[in-house]
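Enquirer: Residues in the sequence shown are numbered from 2 upward in steps of one, following the numbering used here.
Everything labelled a hint here was simulated from the structure, so no lab data went into it. Take these hints with a grain of salt, some might be off.
[What the hints assert, rightly or not] Here are the simulated EDC-like cross-link-like pairs (lysine to aspartate or glutamate), alpha carbons at most 16 Å apart as the crow flies:
no. : residue 1 : residue 2
1   : Lys161    : Glu105
2   : Lys72     : Glu43
3   : Lys59     : Asp141
4   : Lys169    : Asp141
5   : Lys59     : Glu20
6   : Lys9      : Glu20
7   : Lys9      : Glu38
8   : Lys59     : Glu38
9   : Lys72     : Asp127
10  : Lys72     : Glu38
[Unchecked claim] Label-pair ranges, simulated between beta-carbon atoms:
no. : residue 1 : residue 2 : range
11  : Leu26     : Glu105    : 17 to 27 Å
12  : Ala47     : Ser202    : 38 to 48 Å
13  : Lys72     : Thr51     : 45 to 55 Å
14  : Ala203    : Arg181    : 31 to 41 Å
Just so you know, even glycine gets a beta-carbon here, dropped at the ideal spot from N, CA and C.
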Amino acid sequence: GGWIRYAKQMESAGASALELNVYYLSTEVNVTSARLEQNYYELVSAVRETISIPLSVKIGPFFSSLPNFAKGLVDAGANGLVLFNRFLQPDLDVERMVIDPRLELSQRVETRLPMRWIAILDPQLDISLAANSGIHSANDIFKLLLVGADVVMMTSALLKFGAQHLKKVDEDLREWCVQREYRSIDQLRGSMSRANCPDASALERGNYMKALQSYTA
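Taking the hints into account, I'd like the entire structure generated from these sequences.
Expert: Next comes the structure, spelled out in structure tokens:
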């Protein structure tokens with residue numbers, strides 16, 4: 002199919018790596034989660050057999066057992082995962098009575114979802130993990146590196162502030178590392194993953210009541 006053909010063409014054109022941006026939207030009650038996940042595995046396996054360059058898969062967060070699904074992708078041939086695909090959430094225009102496919106830029110709070118799951122997956126999977134969604138500043142990048150991200154992806158901030166924003170982010174990153182006496186990114190990467198953070202339960206559902214009790218307006 003098209004996935005296989007284009008993957009082969011990209012490798013032939015000189016691509017050093019390939020990312021599959023896959024999104025199967027299940028709208029039928031008879032399609033099981035296992036069948037849906039199998040679609041991903043079969044696609045990754047087919048592309049993996051076609052190319053020899055590193056292969057990453059961009060996925061969404063909506064899987065019943067994300068760690069198991071992630072492992073299945075690795076077993077199928079993925080070398081990396083991008084967490085997460087930020088799906089278009091259409092709105093409804095009640096005046097015109099039509100679906101409004103409005104695009105909203107990401108917000109910084111959205112980094113919490115990939116941050117949590119990278120922290121959980123990093124100690125368990127020997128692959129490259131990329132963070133996506135809500136990354137606007139050097140501070141956002143620090144957090145994601147600390148939980149184990151190998152790569153961070155920034156788009157909304159560049160659309161909002163322009164390409165020159167990268168210079169400020171780079172300067173802030175360097176200053177932060179100097180102030181804390183980090184000699185390299187590798188030195189800090191993963192130091193707050195689920196395997197290394199002082200309180201791993203803070204990444205889990207059990208911490209929900211504690212968060213509610215400590216809430217202040």
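Enquirer: Are the hints correct? Go through all of them and say.
Expert: Hint-by-hint comparison with the structure:
no., hint, result
1, Lys161 - Glu105, "holds, 11 Å"
2, Lys72 - Glu43, "holds, 14 Å"
3, Lys59 - Asp141, "violated, 20 Å"
4, Lys169 - Asp141, "holds, 13 Å"
5, Lys59 - Glu20, "holds, 7 Å"
6, Lys9 - Glu20, "holds, 13 Å"
7, Lys9 - Glu38, "violated, 23 Å"
8, Lys59 - Glu38, "holds, 14 Å"
9, Lys72 - Asp127, "holds, 10 Å"
10, Lys72 - Glu38, "holds, 11 Å"
11, Leu26 - Glu105: 17 to 27 Å, "holds, 19 Å"
12, Ala47 - Ser202: 38 to 48 Å, "holds, 40 Å"
13, Lys72 - Thr51: 45 to 55 Å, "violated, 22 Å"
14, Ala203 - Arg181: 31 to 41 Å, "violated, 21 Å"
Of the numbered hints stated above, those contradicted by the structure are hints 3, 7, 13, 14, listed in ascending order.
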